[in-house]
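A.B. asks: Below, each chain spelled out in residue letters.
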Amino acid sequence: MDQVLVEQARKGDRDAFASLVHQVSSPLFAVAFRILRDNGLAEDALQNALVSAWRQLPHLHDASRFEAWIHRILVHACYAESRRRRESASNVRLLDLHGSSTSDGSRDLADRDELERAFRHVPLDQRAVFVLHHYLGLPLVEIAETLGIPAGTARSRLHYATRSLRSAIEAAAAMPIEEGRLA
Amino acid sequence: MSDDRKFERNARAWLELGPTDAPDRVVEDALLAIETTSQERDLRLPWRLPIMNSASRLAAGLVAAAAVLVVGVVLVGPRLGGVGTIQASPSPSPSPIATQAVTPIASPAATASDAACRLIATTEAATLGDFPDVGTIAFPSGTGAVTGCYYAEGGINPLLTTEYTSSGGKAAFDLVKQRPGVQTVADIGTDAVFDPGTATLYVSKGDKLVSIVAGTTTSAPAARLIIETKLGKLVAGRI
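One line per chain: the protein sequences are A and B, in this order.
At position 169 of the first sequence the residue is numbered 169 (my numbering), and the sequence of numbers has no breaks.
Counting the second sequence from 1 gives a position; my numbering is that position plus 183.
Among the hints, erroneous ones may be present.
Straight-line C-alpha distance at most 30 Å; calculated DSBU-like pairs for lysine-lysine [stated by the list, open to error]:
hint: 1; chain 1: B; residue 1: Lys353; chain 2: A; residue 2: Lys11
hint: 2; chain 1: B; residue 1: Lys413; chain 2: B; residue 2: Lys360
hint: 3; chain 1: B; residue 1: Lys416; chain 2: B; residue 2: Lys353
hint: 4; chain 1: B; residue 1: Lys360; chain 2: B; residue 2: Lys416
hint: 5; chain 1: B; residue 1: Lys353; chain 2: B; residue 2: Lys413
hint: 6; chain 1: A; residue 1: Lys11; chain 2: B; residue 2: Lys189
Pulled a few chain B residues facing chain A out of the computed Cβ check, cut under 10 Å [what the hints assert, rightly or not]:
hint: 7; residue: Glu191
hint: 8; residue: Glu199
hint: 9; residue: Thr306
Keep in mind that the hints were calculated from the coordinates and are not lab data.
All residues carry an ideal CB built from backbone N, CA and C; glycine is no exception.
This is chain A alone, in the form it adopts within the complex (with noise of 0.2 Å):
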C-alpha cells in the first residue's frame, strides 16, 4: 500500500483517497462478501466501510497499518450491517456450487454445501476470523492485532467456527448424498 497516499488522504487529500479506494475495493469486498455469505449485504458493509474509513482515517498515526485498519473497519462494518438486515438473513442466497465446481467428487462438493449451510449458523466474529485466517491466510497473531482483539480470543474464535463447520461437515457425510440436496 501506497504510505504516501495513506499521508495524504490523512490530511484530507480526497483524490489520493479515491486512488485507495480503488487499490482495496476488491479484496475488502471479497472479505466482505465470505464473512456475510450474500452480495447485497458486503456491498452495504463496503460502501459504508469505505466512508467511515475516510471520516476517521485522521485518526490512524501509523501509514503503514492501513490495511490491518481498514480490514477492522470492513469487519465492524459487516457486523453492523447484519444486525441492520438480519431480517433478510433467512434470504441469503447460495452458490450455485453446482456451476463453480471444478473436478472435485460429489463429495467434496457435498461437503462445500454444507459449509456453506453450516456456515451461516456460526456467529459473525467467529466468521470473520474464520475468513481471515483461511481466505487471507493471515496468521492469529495478525489476525487479534487487526481486530483489535487478544490473541486468544482469536484462537477460541477459530477453533469454535472450525467445530461447529466440522461438525456439519461429519453429520452430513453420514448421510447418503440426495438429489437435489445442493440449493
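Fit chain B to the given chain A structure using the hints.
C.D. replies: Chain B alone, transformed into the frame defined by chain A:
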C-alpha cells in the same frame, strides 16, 4: 472428510468461490458519499511526552504541583481567610460551555469561517453526550460558501459534525437524494433526507444545505437519526 488437512483444504477451496471484484457502482457511490463527508479531526493529545527524561519528569511534577496549589487556594482560601480575602462570587461564574454558546446566524448570507458553528450552540450539542458537564467545544473550519464545525466533548471525544453550504447547496442536495437507500425525513420544517449509509442528515432550504452527523459509527443509525432530526429542526429555522 476425515482429517484436519482435508477439512482445511476443502474450507479454503470453498472460500475461494464467490465474487472477488467490487461492483463499480458501489465504489462510485462510496466516493460520491465521501465528496460530501467531512473527516473527523484528530484532537487527541498525548497524555505524556513520548520520552520522559528526569528533567521533563521534574518539570511535569512542578507543573502538577503548581496546579494543585492554585486549585487549593481557590477552593480553600475563601474559607481560611477573613473578610477581604478571596471571596466566592455570589453568582456562578460562567462555564466554558456558556462562553462557547453561540447565537444563530444573523444573516442568511453569512460566510464567516464559523458560519457552521453558529447553527448549533455548543450547549445544544452538549446535551447529546453522556458527559455534558465536561463541556463541548466547537471547532470551525472551511472558508467561503462551505464551512464546517466539529463539536467535541472536552475537546477530545467527537460528538457532532456539521457542514454548512451557504450557496450551491441545492445541486449537492439533489445529488445526495439520488444515493441508494436515502430516506426523506418529514417534520423538519424544510426538505431533509437521511442517508443511512453514512448516518448523515441533510437539511436543505433554497440554495443552502446543512449536513449533520451525530454520534459515532458504533451508534445505531436509527439512534443517530433521532438526534440528527432534533438538531435538523433547530437548523431549519436558522438558515
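A.B. asks: Would you pick out the hints that fail for this structure and give their numbers low to high?
C.D. replies: Violated: hints 6 and 9.
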